[in-house]
Amino acid sequence: MQKSTQDYLKTVYNLSKNKEEVVTTTEISQKLDVAPASVTEMLKKLAEEGYIKYSPYHGSTLTEKGLKEAQKITRKHRLLESFLSNVLRIGKDKVHQEACQMEHSLSDEAEESLCRLLKHPDTCPDDNKTIPACDLPFSNCEECIQLHEKGLEQVGKRDKNLTSIRELKSGTFGKISFIRGEHKVLQRLLDMGLTPGTRIQIIKIAPMDGPVEIAVRGSKLALGQNIACNVFVEVE
Amino acid sequence: MTSQNTPANTADDCSKNNTHTINAAKTDKQFTFALAGNANVGKSVIFNQLTGSNQIIGNWPGKTVDRAEGTLRFEGHDIKIIDLPGIYSFSTFSMEEIVSRDYIALERPDAVINVVDASVLERNLFFTLQLIEMNAPVVLVLNQIDVAKNKGILIDKNKLSALLGVPIVFATATRGEGIYEAVTEAVKIANSKPKSKQLKYHKDLEEQIEKLQHIIEKEKLNLTYPTRWITIKLLEGDTEITKLVAEKSKTVILHLKLISSEFEKHCQEKCFSIIASERYALTSSIVASSLQQEEISHPLTDKLDWFATHRIYGYLTASAIIGGLLLWTFFVGNLFSGLISQGLNLIYSVNPELSTSTPILSIILNGFWGGIDAGLTLIIPFVIPFYLLLALIEDSGLLTRVAFMMDSAMHKIGLHGKALIPIILGYGCSVPAIQSCKIMETRRERLLAAFAITFAPCSARTIVLFGMVGLFVGIHWALLLYIVNLAIIFTMGRIAMKAVPGKSTGLIMEMSSFKRPSLKIALKQTWTRTKSIIYIVFPIYIIGSALIQILYFYDILTPISNTLYPLTVLWLGLPAFAGILLLLGAVRKELIILGAAAILGTTNLLIGFTPIQLVIMALVAMLYIPCVSTMTMLGKEFGWKTAATISLANISTAIIIGGLTFQILNLLT
Numbered sequence: 001m002q003k004s005t006q007d008y009l010k011t012v013y014n015l016s017k018n019k020e021e022v023v024t025t026t027e028i029s030q031k032l033d034v035a036p037a038s039v040t041e042m043l044k045k046l047a048e049e050g051y052i053k054y055s056p057y058h059g060s061t062l063t064e065k066g067l068k069e070a071q072k073i074t075r076k077h078r079l080l081e082s083f084l085s086n087v088l089r090i091g092k093d094k095v096h097q098e099a100c101q102m103e104h105s106l107s108d109e110a111e112e113s114l115c116r117l118l119k120h121p122d123t124c125p126d127d128n129k130t131i132p133a134c135d136l137p138f139s140n141c142e143e144c145i146q147l148h149e150k151g152l153e154q155v156g157k158r159d160k161n162l163t164s165i166r167e168l169k170s171g172t173f174g175k176i177s178f179i180r181g182e183h184k185v186l187q188r189l190l191d192m193g194l195t196p197g198t199r200i201q202i203i204k205i206a207p208m209d210g211p212v213e214i215a216v217r218g219s220k221l222a223l224g225q226n227i228a229c230n231v232f233v234e235v236e
Numbered sequence: 001m002t003s004q005n006t007p008a009n010t011a012d013d014c015s016k017n018n019t020h021t022i023n024a025a026k027t028d029k030q031f032t033f034a035l036a037g038n039a040n041v042g043k044s045v046i047f048n049q050l051t052g053s054n055q056i057i058g059n060w061p062g063k064t065v066d067r068a069e070g071t072l073r074f075e076g077h078d079i080k081i082i083d084l085p086g087i088y089s090f091s092t093f094s095m096e097e098i099v100s101r102d103y104i105a106l107e108r109p110d111a112v113i114n115v116v117d118a119s120v121l122e123r124n125l126f127f128t129l130q131l132i133e134m135n136a137p138v139v140l141v142l143n144q145i146d147v148a149k150n151k152g153i154l155i156d157k158n159k160l161s162a163l164l165g166v167p168i169v170f171a172t173a174t175r176g177e178g179i180y181e182a183v184t185e186a187v188k189i190a191n192s193k194p195k196s197k198q199l200k201y202h203k204d205l206e207e208q209i210e211k212l213q214h215i216i217e218k219e220k221l222n223l224t225y226p227t228r229w230i231t232i233k234l235l236e237g238d239t240e241i242t243k244l245v246a247e248k249s250k251t252v253i254l255h256l257k258l259i260s261s262e263f264e265k266h267c268q269e270k271c272f273s274i275i276a277s278e279r280y281a282l283t284s285s286i287v288a289s290s291l292q293q294e295e296i297s298h299p300l301t302d303k304l305d306w307f308a309t310h311r312i313y314g315y316l317t318a319s320a321i322i323g324g325l326l327l328w329t330f331f332v333g334n335l336f337s338g339l340i341s342q343g344l345n346l347i348y349s350v351n352p353e354l355s356t357s358t359p360i361l362s363i364i365l366n367g368f369w370g371g372i373d374a375g376l377t378l379i380i381p382f383v384i385p386f387y388l389l390l391a392l393i394e395d396s397g398l399l400t401r402v403a404f405m406m407d408s409a410m411h412k413i414g415l416h417g418k419a420l421i422p423i424i425l426g427y428g429c430s431v432p433a434i435q436s437c438k439i440m441e442t443r444r445e446r447l448l449a450a451f452a453i454t455f456a457p458c459s460a461r462t463i464v465l466f467g468m469v470g471l472f473v474g475i476h477w478a479l480l481l482y483i484v485n486l487a488i489i490f491t492m493g494r495i496a497m498k499a500v501p502g503k504s505t506g507l508i509m510e511m512s513s514f515k516r517p518s519l520k521i522a523l524k525q526t527w528t529r530t531k532s533i534i535y536i537v538f539p540i541y542i543i544g545s546a547l548i549q550i551l552y553f554y555d556i557l558t559p560i561s562n563t564l565y566p567l568t569v570l571w572l573g574l575p576a577f578a579g580i581l582l583l584l585g586a587v588r589k590e591l592i593i594l595g596a597a598a599i600l601g602t603t604n605l606l607i608g609f610t611p612i613q614l615v616i617m618a619l620v621a622m623l624y625i626p627c628v629s630t631m632t633m634l635g636k637e638f639g640w641k642t643a644a645t646i647s648l649a650n651i652s653t654a655i656i657i658g659g660l661t662f663q664i665l666n667l668l669t
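The listed protein sequences derive, respectively, from chains A and B.
Heads up: the first sequence begins at 1 in the numbering used here, then just goes up one per residue.
Heads up: the second sequence begins at 1 in the numbering used here, then just goes up one per residue.
Heads up, some of the hints might be wrong.
[Claimed, not checked] Covered stretches of chain B (chain A as the covering partner; in silico rule of three or more C-beta atoms under 8 Å from a C-beta of chain A): (1) 114-121; (2) 264-270; (3) 540-547.
Calculated directly from the structure, the hints in this document are not laboratory data.
For every residue, glycine included, the Cβ atom is placed at its ideal position computed from N, Cα and C.
Here chain B stands alone, though its shape is the one from the complex (with noise of 0.2 Å):
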C-alpha cells in the first residue's frame, strides 16, 4: 500500500475531499463503503489511512461530530468511504444515532466497515448486532488487536465469523495492520451481496417479534426499513419509529400496544429493558464461545490511572496539564521566537523612520515585511509547541481522567466533567471546540459549554497574552491573567446557569484506556492546525498589516480612535489606537498584536504601551468578542440571536473587567 497525502486540507480541521490511491488501475465500478462503530475504537484513523486525510484523532469518544467523507481507489474500483460518528447503539439517544442509522437504512453503503476494540469485544458487539438486524452488508474490524492481546483476549475468528455470518479482520489501524484485508472483504461483500444471518433472540421474545411482524407484513407498510428491525424498534418503543409507523398504519400501533403491555405484565419488566438484555444475553453468549481471556496485570498503566483519578495528584494532574501546556507553550515559544526574530533581523529589519520619508516604500517594507516578521516571530513559534503537546494529551486519554476528576466542579456550572474535553481544546481554537459540544446530551449543556468556551483563552489569545504581556511585562502577570481568566469562565458559567432554563443531566462516560501517545500521530495534527494557519490566516496577516500602515498613513483610523476614545482611554486607560485594534482583533485576536506591531512600526510594544496598558489590553482581547469565525460557529450551532447575546455578554465582561481592573492598578501603584 502506497501513502501520499494530498495537500487538499485546509481551514480548520474540516476539509473532507480527499482522494487516496491504492494500486491505482482503471475503474470499473464505484463503491461507497461506511465505517460505523462506538466512539474511541479507531474508525477515523483507519479513515485517515484510506483516504489519506486528516482526520482528527484523540484518545476520548465523540471526536467525529459530522460524518467525514473521502475517497480511495483500490484495485481499479473508485470507492467513497464515509467516517460516521461513534455511536453505542441505533436508539435515539442522540441525534448522531438517528444520523447513523438514516444512513445506513435509508442510502444503504455497499458494505458497513464495522470497527470494534477488540478489548471490549462483547459492548462492541451489541452494536453490531443491530447492524446485522438491520440487515446491512457488514465487515467486521476487530480493531486495537495487538492492545486485546496485551490484555490476555486470545479471539477465535472462525468461530465468531461463524456465529455472527459476517466476515472478520483482525487489525491494529494505527500501524496500519489489516486495513487492505478489511477493503478487500468489503469490495468482495459489495459485489456479492450476501444474506445477512438472522440472529435469534430467547423464545419468548422471538414469539413477540413474531406476532408483531406478521401484522406489520400484513399491513404492507412499505417502509425502507428491514420489517424484522422496525418490529424490534416499535417493541422497544422507540418514539421516531413509532410515529414514522403511526403516520401509515393505527391498526399496528394498536396490536403493538396490546402486544407489549401484555409481555411487560407476563415479564415485569418494560419492553426497551428486556431487548437490550435479550441483545447482551446473545453478545456474552457469543463472546463467550470465541473468546478467551487470561488474567494478566498491567502495573504501568494501573499506577498511572490511580496517579491521574488520585485525590491530591489527580487534581495536581488536571492542573499540571493545563499550566503545563500553557507554559511549555511560553518557554518553547520564547525560545524560537527569539532565534528566529535573530534571523529575521539578519535579512532585514522593520525601519520606522521610512514612513515618513517614502510612504510607498514604508507600506511594502514595512506593511508586508512587518506582516511576515510578526506571524514568524509572534505567532508560528507559539502555535506550533501547543497543538504538538495538546495531540499528544489527546491521544494519551488523560483527557478523560481529568474529565471524570472534574465533574463535580462542572455541576457548579450546570455541566458534568465530559464538557471538560471541549473547554479545553478550546484552548486550542474556539471553532473545532465549539464544534466538539455535541458530545454534550442536550441543547442547553451545549450551550452552555460553548458559552465557557467563549471565555477560554484560545491560542490566538494565549499569543495576545504571551506576546504583550509575558514577553513586555513577565511571566507571571501572564500566568496571573489565565487564573484571573478561569475565575471568569467559573463565575459567567453560573451565570448562565441561572439564566439558561432546564436541569442538568450526568455523567455517563466511557473511560478510554490509557496508551503511549504516538508522536507520529500528534506531529501530522500539528502540522495539519498549523497549515490552516499558513495557508489561510498568513496571507490576512500580511494583507491586514499593509492595510493598517496605509490607513494609519492617511490618517483613516483616527475617527475609529476618537469615536472610542471615552471607553478605551478613559474607561480602560488604553493609548487612543487601541480601539482600532479592538475592532481589528474581532477578525481574528492575533491581529490585535499584529495591528500593534504594524501601527507602532516595531515588535517593541513598550515603545506604545505601558505594561499596565498591555496587562489591561490584553485581559479585554482575552475576553471581549468572539472572533468571526468563532461567531459564525456559533450562529450555526445555535442560531444568531443566541450568537449576538453570547457576544454581548462577552462585550460587556470586558468592559466591566477590564476598566475595574484598570482603576485597582491604577491605586495599586
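Just chain A, with the same shape it has in the complex (with noise of 0.2 Å):
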C-alpha cells in the first residue's frame, strides 16, 4: 500500500471520533496540508478501493476495511513513538515527525517485537492518545508475552469459543481447533494424528491432575496436563 494512502487513512481515522462520524475534506485537507482539489481526488480513488465511503459536499467515513488499515498504521505510528521517545530518548517534539518517516516501513514482525518490547504500551508518549490493539490471536498481551517468551508456537485457528480438553469431562466430544507449544511437541501431537479439525473424544483424566487419554483417530494418547492444557477443542 502507498505511503500516501496510508496517511490518509490514518487522517480521517484520527479526525474521527467513532466509525460513524463524517469526516470533511476541507477538515482533512488543512490536517495533511494539502489541497483541497488533491484532497477530493485521493478520496475518490480510497472509495474506489474500498477503504472509505465518500460522498461529495458531505465527507468520508472508514469502511471496516480502511478502519483496518488506519488502526494498523497509527499502532506503528504511536509503538514508535513510545519507542523513540522511551527507549533512545528522542525530544517528545520531535518524536511525530520521526514516526510518521519510518512507520510505513515496519514491518508486522516488527511491529509485534517493539510492542513486546515495551510491555505493551496502552497510550503514546506524543499526545497520550491510545494505541488500537493488534490483531494478533491472543486473548490478551499476557498470553502474548508468554508464548514469547517460552518459545512457543500454534498451529489451528482461534475464531469460536474454545475450551481446553484438560477442562473437559470424560466422554465429552470435540473438535481440535488449535494447539499451542513448542515446535517439536506440535509436530509429535500432529504426527499423532492431532490435526486441526480431528474429532477425538476424552476417554479419561487421571487423578491428582494427572494426564489425559483420548481417543483419536482410532488410537489412544495420553497427553500429561501441561501438554493437555494447551490442546483446544470445539466441544460437540
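Using the hints, build the complex out of the two chains.
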C-alpha cells in the first residue's frame, strides 16, 4: 500500500472519534496541508478501493477494511513514538515527525516485537492517545508475552468459543481447533493425528492432575496435563 | 516353516547376529530387508520369527532402542533383516526418527517391510505414506489382524493395496501367520523393483510442491533423497534437510521462504501443520474407502482398563505390580532355593574345617563347589520367577497404565510417566533399563531417569536383599528396605532435578491396548535373560568364589579390610571383611552375598553377621555404586564424567544413609 494512502486513512481515523462520524474534506485538507482538490481526488480513489465511503459535499467515513488499515498504521505510529521517546530518549517534540517517516516501512513482525519490548503500552507519549490493539490471535497481552518467552508456537485457528481438553469431562467429544506449544511437541502431536479439525473423545483423566487420555483416529493417547492444557477443542 | 533357535544369544539381551533357515537351498541372491513402522506394532515379534533371535518383546512403545540385525535363509536367498526402532513419522522429533529415515533413504534396503497395527490403521498409514513418498520399496504387513477383527474392523485388502500401490499381507505375527507371505512379497519386490505410486495431496499444496520441486530440479542438488520428498520436508521446515539444502543452494532456500510464507498467509496456518493435515486427510480417505467398522464392545478389557486407571484401584494396581513382583520373587525363589539347597547337600556340603587342614582341597571343594552352590541356591531360583513375571507384566500392557497413573508423581522428580517404564525395568537389570531410557524425549530426562535407575534395586540387589535380610532377618525387614529405597529414589530424584538445568517436557504416550500375555513369549524371554546369567555370570561366580578362597587363605585381603576399617566397622558397624565384599560388589552385586558365603565358608550368613549388620549391609549394597556393567552403560550413554558423578552420588548416599541407619538401629536396640 502506498505511503500516501496510509497517511490519508490515518488522518481520517484520527479526525473521526468513531466510525460513524463523517470527516469533511476541508478538515483533511487542513490537517495534511494539501489542496482540497487533491484531497477530493485521493478520497475518490480510496472509495473505489473500498477503504472509505465518500459522499461529495458531505465527507468521508472509514469502511471496515479502511478502519483495519488505519488502526494498523496508527498502531505502528504510536508504538514507534513510544519507542523513540521512552527507549531512545528523543525529545517529545521530534518523535511525531520521526514516527511518520518510519511507520510505513515497519514490518508486522517488527511491530509485534516492538510491542513486546515496550511491554504492551496502552498510550503513546506524544499526545497520550490510545494505541490500537493488535490483530494477533491472543486473548490478552500476557499470553503474547508468555508464548514468546517460552518459545511457543501454535497451529490451528481460534475463532470460536474454545475449551482446553484439560477442562473437559470424560466422554466429551470435540474438534481440535488449535494447539500451542514448542515446535517439536506440536510436530509430534500432529504426527500422532491431532491435526486441526480432527474429532477426538476424552476417555478419562488420571487423578491428581494426571494426564488426559483421548481417543483419536482409532488410537488412544495419553497427554500430560501441561500438554493437554494447550490443546483446545470446540466442544460438540 | 521350520523354527530352530541358534544358541547365539549371550550378554544382556543385546545379541544381534542370528541365523535362521527357511527351506534351505543354494544361494543365488543376497537381499537386505528393513522392518519399519510405529512403536508397539509387533516388529520385534516378526524379527524374532524371521531370524530366530530373541529381541525383547513387551507391550509398551519403544523397546527396540538400537537397530537390530539378523539373517534369514529363504528359498535360496540370503537375507539380512534390520529391525528399525518404532517411530511415528520421519520428522526430527527424536534420534530414532533421523536414524531410521537415513537408513531407508541412504542405505536403500531391497525392501521395507512396513508393519502396521491393523486396528489403528489410519494413524499407522500416516507413516506408510511417508515411506511411499521416499520411494521406498514397501510391503505393507497388517499385523494383529485378529485383534482388528475382534474390534469389528474389516479391511478390504485389494482395495487398500490398489489405493496405496503396494502389496499387502495380513498377519498375526504372534502365531506366525502371514510371515512367510510377507517375505515372499518382499523378495518379489526386491527382484522386480517396481516404481512407487505417486500419492497426491490437495491441489493447493500440490501447486506449492511443484513450484519448489521445479526450482530444486533446476538447481541440480545431487541429493540422495528423492526430490519430491526433499521438497515436502523443506516445506515442513525440517531443520536437518533445510541445513543440507542450504549448504548446496541458497536459491532454493530463498524460494522456499517466499513460497512457504505466501502459502502460510493464504491458508492462515503453519506449513508443517498443513502438510500433516493433508497427509491425514489422505490416510483417512483411504481408510474410509477400504475399511468397515462394526461397533463391538469389550466388557473384559474395558473393565480391566477401568480398574487399572481408577483413582483408587489404579494406584493399588500400580503398587501391587511392584510389590507383587517382589513378593512373588521372594516366595517362589525361597521355595526353590530350599529345594535346590537340600538337593545339593545330598551331593556334597561345604565344610569350613577343610580350610585349615588341606588348603588345596579346600579351594577346589569349598571355592568351586561353593560358587556353584551359592549360584544355584541364592541366585537362579530368584532370577527365574522374577523375569517370568516381569515378562508377563511387560506383555500385558499394564506398564503403560502405571505410567499413566503415576505421571503427576513423576513430574515431582522432573520426569513424566513414561520414565516409570525404564525404572520398573530397572528392578530387573540396570543395563537394559538405562538403554531403554531412550524412550524419553530429551537428554536431561534420559539422564534423570538413568540416575533414578542406579538407585532402583535390580534383581542382583534383590538377591542380596532377600538372601541376606529376607532369609536371615525376616521378609518384613526386606520389604521395609524396599520402601526406604523408594523414598531415597524420590529424594535423590528431586535433588537431581534441581541440579540438572533445563525444563521438563510433557507426556505424549500411546496407550497400548490390554492383551492376554503370551506364556510362550514370556518363557522365551525369561530363558534369554537367565541364559546370559548362566553362561557369562556363573563362571564369574565360580572362579571368583575360588579366588576369594585363595586370597583369603593367604591373607591378601586383610590390607583391604584394614584400609576400609574406619568406614565399614566404625561408621557402618559392619564386620571388617565387609570391605572386601563392597569391593567385590562393585563388579557384580551378587558377589557380595557369594563373597560372604565364600569367606564364611557357609551359606548360613548369621555365622558372620548380626541381624542388624545384615540389614545395614543390604542397605549399603542396594545404594552404594552402580556395578561395572551399569557404569560402562552410563559412560557410553552420557559420558564418563557423568558416570563418575552418578557413582559418587551413589557412594555418598550409601555412606550417609547406611551410617545413620546404623546409629538409629543401635539406639533402638
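(request) List in ascending order the numbers of the hints, as given earlier, that are violated by the structure. (result) Hint check: 3 fails alone, others pass.
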